[in-house]
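Undergrad: As given, the protein sequences belong to chains L and X, one line each in that order. Just so you know, numbering that gives the first Met the number 0 puts 174 at position 175 of the first sequence, and the rest follows in order with no gaps. Just so you know, numbering that gives the first Met the number 0 puts 163 at position 164 of the second sequence, and the rest follows in order with no gaps.
Simulated from the structure, these hints should not be mistaken for laboratory data. Bear in mind that the values here come from a model prediction, so they are computed numbers and not experimental data. No residue lacks a Cβ here, since even glycine has one placed at the ideal position from N, Cα and C. Careful: at least some of the hints might be erroneous.
Stated by the list, open to error - Covered stretches of chain X, going by a simulated chain L footprint (3 or more residues, C-beta under 8 angstroms):
no., segment
1, 34-40
2, 245-251
3, 259-266
4, 384-395
Claimed, not checked - Here are the simulated EDC-like pairs of lysine to aspartate or glutamate, each with C-alpha atoms no more than 16 angstroms apart in a straight line:
no., chain 1, residue 1, chain 2, residue 2
5, X, K86, X, E59
6, L, K380, L, E261
7, L, K373, L, D338
8, L, K165, L, D199
9, L, K117, X, E358
10, L, K210, L, E261
11, L, K117, X, E59
12, X, K117, L, E358
13, X, K117, L, D355
2 protein chains.
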Amino acid sequence: MYSFRSKKNKVLTVPGYLFSATSCGLKAKGKLDFAMILSERPAKATACFTTNRFAAPPVEYGKKILKKSYLNAVLVNAGNANAGTGKLGYDSVIQVAKRAGLVLGVPPETVLVSSTGKIGRQLPLKKLLPSVENLKDSLSAKSSLNFAQAICTTDRWPKVHQVKVKVGGKSFHVTGIAKGAGMIEPHMATMLAYIMTDLDLNLPLMKKTFKEAVNQSFNAISVDGDQSTNDTALLMANGSSGLSLSSTQSPGFAKFREALHEVCHHLALSMIADGEGATKVVEIQVQGAKTEAQARKLAYTVARSQLVKTSFFGQDPNWGRVLAALGYAGVNFNPQKVDIYYGKIPLVQGGLPLGDKHEKQAHRLMKQGTFSVKVELHQGKGAFRLWTSDLGYEYIRINAEYST
Amino acid sequence: MYSFRSKKNKVLTVPGYLFSATSCGLKAKGKLDFAMILSERPAKATACFTTNRFAAPPVEYGKKILKKSYLNAVLVNAGNANAGTGKLGYDSVIQVAKRAGLVLGVPPETVLVSSTGKIGRQLPLKKLLPSVENLKDSLSAKSSLNFAQAICTTDRWPKVHQVKVKVGGKSFHVTGIAKGAGMIEPHMATMLAYIMTDLDLNLPLMKKTFKEAVNQSFNAISVDGDQSTNDTALLMANGSSGLSLSSTQSPGFAKFREALHEVCHHLALSMIADGEGATKVVEIQVQGAKTEAQARKLAYTVARSQLVKTSFFGQDPNWGRVLAALGYAGVNFNPQKVDIYYGKIPLVQGGLPLGDKHEKQAHRLMKQGTFSVKVELHQGKGAFRLWTSDLGYEYIRINAEYST
Chain L
0 MYSFRSKKNK
10 VLTVPGYLFS
20 ATSCGLKAKG
30 KLDFAMILSE
40 RPAKATACFT
50 TNRFAAPPVE
60 YGKKILKKSY
70 LNAVLVNAGN
80 ANAGTGKLGY
90 DSVIQVAKRA
100 GLVLGVPPET
110 VLVSSTGKIG
120 RQLPLKKLLP
130 SVENLKDSLS
140 AKSSLNFAQA
150 ICTTDRWPKV
160 HQVKVKVGGK
170 SFHVTGIAKG
180 AGMIEPHMAT
190 MLAYIMTDLD
200 LNLPLMKKTF
210 KEAVNQSFNA
220 ISVDGDQSTN
230 DTALLMANGS
240 SGLSLSSTQS
250 PGFAKFREAL
260 HEVCHHLALS
270 MIADGEGATK
280 VVEIQVQGAK
290 TEAQARKLAY
300 TVARSQLVKT
310 SFFGQDPNWG
320 RVLAALGYAG
330 VNFNPQKVDI
340 YYGKIPLVQG
350 GLPLGDKHEK
360 QAHRLMKQGT
370 FSVKVELHQG
380 KGAFRLWTSD
390 LGYEYIRINA
400 EYST
Chain X
0 MYSFRSKKNK
10 VLTVPGYLFS
20 ATSCGLKAKG
30 KLDFAMILSE
40 RPAKATACFT
50 TNRFAAPPVE
60 YGKKILKKSY
70 LNAVLVNAGN
80 ANAGTGKLGY
90 DSVIQVAKRA
100 GLVLGVPPET
110 VLVSSTGKIG
120 RQLPLKKLLP
130 SVENLKDSLS
140 AKSSLNFAQA
150 ICTTDRWPKV
160 HQVKVKVGGK
170 SFHVTGIAKG
180 AGMIEPHMAT
190 MLAYIMTDLD
200 LNLPLMKKTF
210 KEAVNQSFNA
220 ISVDGDQSTN
230 DTALLMANGS
240 SGLSLSSTQS
250 PGFAKFREAL
260 HEVCHHLALS
270 MIADGEGATK
280 VVEIQVQGAK
290 TEAQARKLAY
300 TVARSQLVKT
310 SFFGQDPNWG
320 RVLAALGYAG
330 VNFNPQKVDI
340 YYGKIPLVQG
350 GLPLGDKHEK
360 QAHRLMKQGT
370 FSVKVELHQG
380 KGAFRLWTSD
390 LGYEYIRINA
400 EYST
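The following block holds chain L by itself, in its conformation from the complex (with noise of 0.2 angstroms):
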């Protein structure tokens, strides 16, 4: 099983980056809980935020400022996710945006503020104020790990990932740091991803590309099909490599799209991995549909259905509960054509099992840590793949054992 968990010690440094963490008492046991990124010069930046209609006041305040398509500064805290908050919730967040613009002398709708943790409940100002300052003193290249530490809430491990790229003798960087474990907690988490790269972009290529990436990465994971009103991913570009990419055209284009999907799946898979007392990592991969979007609805129909999920847990090729799932989809298709396969092992041929032989090796295959399923429709050229985890006691003990 390749393997999601970051080596504890790895230190990411990105050209022009910086990065601290302080506790500020939102977390118990002084654990960090309140971290900055700061760009040495101003960055190109584009995000992707959550569609849930109850987005929270950060949200709502990162839309807004990101139309200028522009940041020198990213904050985030732990602990308190200032989601169902209302008005007093977003001036708290335009509190801490001027308060980071006034201690690092720039404009303060150029300050991404990101809140994960418990929802309904006002942001402390007074604990995280005060301590903006001290994210400012202990700035450092090498605090990324801090930074990951910091804004995870019921994560098993902080999550980093780093390509480094070389291009005509000069290199360039594709870092991400991101955190998520599925929506935990009493009230809920959040996936946040920052990717940082020191290359310049052009900025329209730079939205497409990013764009690209997540709706292959962040958007095609499902680890229990609810989302969070606080789920943010952005990237930063700031031109400190000395590299600049204008166009598809340009040469290290196709190696800096190569690098960005890694980065994102790679943080998206450690997001499944970490999942709410996942044991497993399943891909569900559907082809030959009439269109991609049908292919879509397929795959996460197949992936939300809990039958199917609590069949991975057991270890189970249950692909009576797949086809089944694939049958109340509310997609068009013909039932006798399907083929399903776990991993390589086919077990329905045109809509029929093909016995008991298959199913044990296909139990054999799921024993392992992650593996895939497949289904082929021979019906179109429309495909599409995504990552799920199982469904297990943990998720229930996790979710349920807590009480107001």
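We have chain L; now place chain X onto it with these hints.
TA: Leaving out everything else, chain X in the frame of chain L:
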């Protein structure tokens, strides 16, 4: 809590209908697993079947024969769903219907055949066919509970309900027998419901009234969002009471409609209460949406959220999870107008929480076996309500602890 468990010794009789059940070795330990309903005169009939693309052969056959809209008999086996069995499985259905037709002296195309149990295995005709004669020989007006027990799979109790109605000195009955407890078992299960009345009914009126009742009962429950390949709800009307309803204006129609709704509602909620490891039956009401379709979408998104369902299990009034589920339902509404109630206790008003005191009250309410969650959007007149269960350890145990 309203009791959905049927009284063990309650014998339901319906004029003009006979029942029987036998054991033919599909279930272990000689349990009843094959059963029959015979209408003493041809009954008008209408049915709602699964919309799953992988509809099982008995469903395909049922759809075909019910185009003629009358039935003499129903045969049901438990222990084998005859699903994922292709052309051979379809031939098996025809053989069972033919044998029943021969034995009972009725056209085979007036015999509905249903199956529930494991999928992907051919029906053992050697066991079933010789037992048809036994079923005929043991037919009795008083064997409805035997029928109810025979069709159970992992149901914890048989599901029966009857309403007797008096109209102008005469009386008629609406009697329902059902099985189902979510999708269960290694290779899943099914919802089957057979409703019988001794009224004579105008066929279009019968179809319309049944569809409405099914939509508000069997189609308004959500155990795990999964839908079986074999789901069937049938209404038969044989006229044995001597009463006839030809239009919505007929005397007694309103009472019939009410009785039909009550029977369907009772059976549907009995399934929820018997849901896999369910400890709660929760009514989800969405009001004030722009349209009924939007209200329905919102209600189902809340009911299907694993996070919401685990919070019901944990008796945690986690309005934040309800709010988040509403937010990602893909429905356009103004979050700042949303109120959420648990029972009569308001937890969210205008999109903002009302505080700990209310949450403590709601926690006490949730200790009950049944309660409601109401969402008021204040944006129109669209309303929908459905019933769901919680998600606890027992669901995982039932669905995961199986290995091929």
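Undergrad: Quick check: which numbered hints come out false for this structure?
TA: Of the numbered hints, 1, 2, 3, 6, 11 do not hold.
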